[in-house]
Amino acid sequence: MISLSVEYTRTRSLQFEMSRSESKPLPPKNTELSDQTIWMLAVRDERDKAAFAELFDFFAPRLKGFIMRSGTSSAQAEEIVQDVMLTVWRKAPMFDPHRAQVSAWIYQIARNRHIDIRRKENRPVPEELIEDPGTEPDASQIMAMQQEAGQLKQALAQLNTKQREMIEKAYLGDLTHQQISEQTGLPLGTIKSRIRLGLERLRRELKGLR
Amino acid sequence: MSAITHHIPDAMLAAYAAGTLPHAFSVVVASHISLCDQCRTALGAHQAVGGLVLEGADSVGVSGNLKTDILAQLDDPYTPEPMYDRLGIYPGPVTKVLKGGEPRWKTLGMGVRQDILSASREGSVRLLYIPPGQAVPDHSHNGLELTLVLQGSFSDETGRFGVGDLEIGDESLHHTPTADAGDPCICLAATDAPLRFNAFMPRLLQPLFKI
Numbered sequence: 019m020i021s022l023s024v025e026y027t028r029t030r031s032l033q034f035e036m037s038r039s040e041s042k043p044l045p046p047k048n049t050e051l052s053d054q055t056i057w058m059l060a061v062r063d064e065r066d067k068a069a070f071a072e073l074f075d076f077f078a079p080r081l082k083g084f085i086m087r088s089g090t091s092s093a094q095a096e097e098i099v100q101d102v103m104l105t106v107w108r109k110a111p112m113f114d115p116h117r118a119q120v121s122a123w124i125y126q127i128a129r130n131r132h133i134d135i136r137r138k139e140n141r142p143v144p145e146e147l148i149e150d151p152g153t154e155p156d157a158s159q160i161m162a163m164q165q166e167a168g169q170l171k172q173a174l175a176q177l178n179t180k181q182r183e184m185i186e187k188a189y190l191g192d193l194t195h196q197q198i199s200e201q202t203g204l205p206l207g208t209i210k211s212r213i214r215l216g217l218e219r220l221r222r223e224l225k226g227l228r
Numbered sequence: 013m014s015a016i017t018h019h020i021p022d023a024m025l026a027a028y029a030a031g032t033l034p035h036a037f038s039v040v041v042a043s044h045i046s047l048c049d050q051c052r053t054a055l056g057a058h059q060a061v062g063g064l065v066l067e068g069a070d071s072v073g074v075s076g077n078l079k080t081d082i083l084a085q086l087d088d089p090y091t092p093e094p095m096y097d098r099l100g101i102y103p104g105p106v107t108k109v110l111k112g113g114e115p116r117w118k119t120l121g122m123g124v125r126q127d128i129l130s131a132s133r134e135g136s137v138r139l140l141y142i143p144p145g146q147a148v149p150d151h152s153h154n155g156l157e158l159t160l161v162l163q164g165s166f167s168d169e170t171g172r173f174g175v176g177d178l179e180i181g182d183e184s185l186h187h188t189p190t191a192d193a194g195d196p197c198i199c200l201a202a203t204d205a206p207l208r209f210n211a212f213m214p215r216l217l218q219p220l221f222k223i
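Protein chains in written order, with this note's numbering: chain Y, 19 to 228; chain G, 13 to 223.
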């Protein structure tokens, strides 16, 4: 029998005051972190299995659909889902909510594991930046990340159907580098500029880590 | 060390995030990102898009026992993969290929040395050592070539490349990179096709040296 902690329900109602030092566009006060972030932090900091089960319920069916889109069988997709979710649990200490949305972090794990398994080789990955253990979460920074991701989502929703399909194909791994380069209509630069503000903040954050 | 001025283009970062970049190029891209905050954050943007595509994916129901199976495995002991850190001038992705050791240089003549880290039909990645003032022979490319400077610098018809800078060459680039004065120039170079040398070494010898 799996023991499920009920502790995480406490953290779900956590509200974060925005920091006072934040200048220009004033974000709404008392904004809540997303469920995904709260679950992920509970997994990272408390090794909370109930929160992990919530993450599983949200991500596993999406991961399976995502993986099957590129022609993988249902059975093999489930093997990859299992591998990805176990990796999420094991690598949770590396998750940094100041630098990544949960979905972005899991996306990269899913692509890496998919390729490791299919090609039986270890993907080259950049050196990890590890924040000091015990670093207090900076709610305003995490909220800013979340807002930038929201803006990005809106920008993606405004693309025409063809562009959106190309974006999906590119990030699903259905297009080669050559094909992505030749897609002149692909708004990669626009996408990046949508979260430029967040990126500038992240760069400052990174400087502090070195 | 001067600031990095030559970066990874967006299409290449997107392909790297999606995992469709050939292995040899991925070693160079991961190495550049290890040295370059700007490209690390840009990669973060691409991962954010990937995350949104994942969130928006059609859900497909998983088998009833998948969740209980995984939850039952959470406490299983496991050995984490070894993490490779930067070693001297070599970024983590390179020390990983070197398995934490030193490069095994092989002389190519004129003081130029190389260590082929991996080579397959898809492409090759190697370390190049070029003494100051020495030119890498005039060569053009069958496919794409990525060159990341790890020590010293080189200059060619398109500009100067210092530590962390990434040069991208394709069919249209005919250049003669020359190591600048100072430290020997050490580069990480990846190609998806054999190089064609116009001078310096007879074409017949190329298979022998795998360059």
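You may find that some hints are simply not true.
To be verified - Think about it this way: if two alpha-carbon atoms lie no more than 20 angstroms apart in a straight line, the pair counts; the simulated EDC-like pairs of lysine to aspartate or glutamate are:
id, chain 1, residue 1, chain 2, residue 2
1, Y, 171, Y, 50
2, G, 118, G, 195
3, Y, 171, Y, 149
4, Y, 187, G, 22
5, Y, 171, G, 67
6, G, 111, Y, 101
7, Y, 187, G, 70
8, Y, 109, G, 97
9, G, 79, Y, 97
10, Y, 109, Y, 64
11, Y, 180, Y, 200
12, Y, 171, G, 97
13, Y, 109, G, 81
14, Y, 67, G, 22
15, G, 111, Y, 134
16, G, 111, G, 97
17, G, 111, Y, 139
18, Y, 109, G, 70
19, Y, 67, Y, 101
20, Y, 109, G, 22
21, Y, 171, Y, 154
22, Y, 109, Y, 146
23, Y, 109, Y, 145
24, Y, 180, Y, 192
25, Y, 138, Y, 101
Derived from the structure by calculation, the hints contain no laboratory data. Computed from a predicted model, the values in this text were never measured in an experiment.
Consistency of the hints with the structure:
At most 20 angstroms may separate the alpha-carbon atoms for a hinted pair to count; residue 171 of chain Y and residue 50 of chain Y meet this at roughly 18 angstroms. With a CA separation close to 19 angstroms, the supplied pair residue 118 of chain G and residue 195 of chain G stays within the 20 angstroms bound. A threshold of 20 angstroms between alpha carbons decides the hint, and for residue 171 of chain Y with residue 149 of chain Y the separation of about 27 angstroms lies outside it, so the pair is violated. Between residue 187 of chain Y and residue 22 of chain G the alpha-carbon distance is near 16 angstroms, which keeps this suggested pair within the 20 angstroms criterion.
A threshold of 20 angstroms between alpha carbons decides the hint, and for residue 171 of chain Y with residue 67 of chain G the separation of about 10 angstroms falls inside it, so the pair holds. A threshold of 20 angstroms between alpha carbons decides the hint, and for residue 111 of chain G with residue 101 of chain Y the separation of about 25 angstroms lies outside it, so the pair is violated. Between residue 187 of chain Y and residue 70 of chain G the CA atoms are separated by roughly 14 angstroms; this keeps the pair inside 20 angstroms, and the hint holds. Proximity of residue 109 of chain Y to residue 97 of chain G is assessed by CA-CA distance (about 17 angstroms); at most 20 angstroms being required, the pair is judged to hold.
Restraint check for residue 79 of chain G and residue 97 of chain Y: satisfied, since their Cα atoms lie roughly 12 angstroms apart, inside the 20 angstroms limit. A C-alpha spacing of about 14 angstroms is found between residue 109 of chain Y and residue 64 of chain Y, which places the hinted pair at or below 20 angstroms, so the restraint holds. Restraint check for residue 180 of chain Y and residue 200 of chain Y: satisfied, since their Cα atoms lie roughly 15 angstroms apart, inside the 20 angstroms limit. For a cut-off of 20 angstroms, the pair hint linking residue 171 of chain Y to residue 97 of chain G is broken: about 35 angstroms separates their Cα positions.
Of the supplied pair hints, the one linking residue 109 of chain Y and residue 81 of chain G holds, its CA atoms being roughly 19 angstroms apart against a limit of 20 angstroms. Annotation: proposed proximity of residue 67 of chain Y to residue 22 of chain G is violated, straight-line Cα distance about 38 angstroms (limit 20 angstroms). Using a Cα cut-off of 20 angstroms, the hinted pair residue 111 of chain G and residue 134 of chain Y holds, with the two alpha carbons roughly 18 angstroms apart. For the proposed pair residue 111 of chain G and residue 97 of chain G, the alpha carbon gap of about 11 angstroms is at most 20 angstroms, so the pair holds.
Taking the CA atoms of residue 111 of chain G and residue 139 of chain Y, the gap is about 15 angstroms. The hint holds against a cut of 20 angstroms. Using a Cα cut-off of 20 angstroms, the hinted pair residue 109 of chain Y and residue 70 of chain G is violated, with the two alpha carbons roughly 26 angstroms apart. Distance restraint check for residue 67 of chain Y and residue 101 of chain Y: the Cα-Cα separation of roughly 17 angstroms lies within the 20 angstroms cut-off, and the hinted pair is therefore satisfied. For the given pair, residue 109 of chain Y sits about 27 angstroms from residue 22 of chain G by alpha-carbon distance, which is inconsistent with the 20 angstroms threshold.
For the suggested pair residue 171 of chain Y and residue 154 of chain Y, the alpha carbons sit about 28 angstroms apart, so the restraint of at most 20 angstroms is broken. The straight-line distance between the Cα atoms of residue 109 of chain Y and residue 146 of chain Y is roughly 11 angstroms, inside the 20 angstroms bound, and the hint therefore holds. For a cut-off of 20 angstroms, the pair hint linking residue 109 of chain Y to residue 145 of chain Y stands: about 14 angstroms separates their Cα positions. Distance hint between residue 180 of chain Y and residue 192 of chain Y is fulfilled; the C-alpha atoms sit about 15 angstroms from each other, no more than 20 angstroms.
Taking the CA atoms of residue 138 of chain Y and residue 101 of chain Y, the gap is near 14 angstroms; set against the 20 angstroms cutoff, the hint holds.
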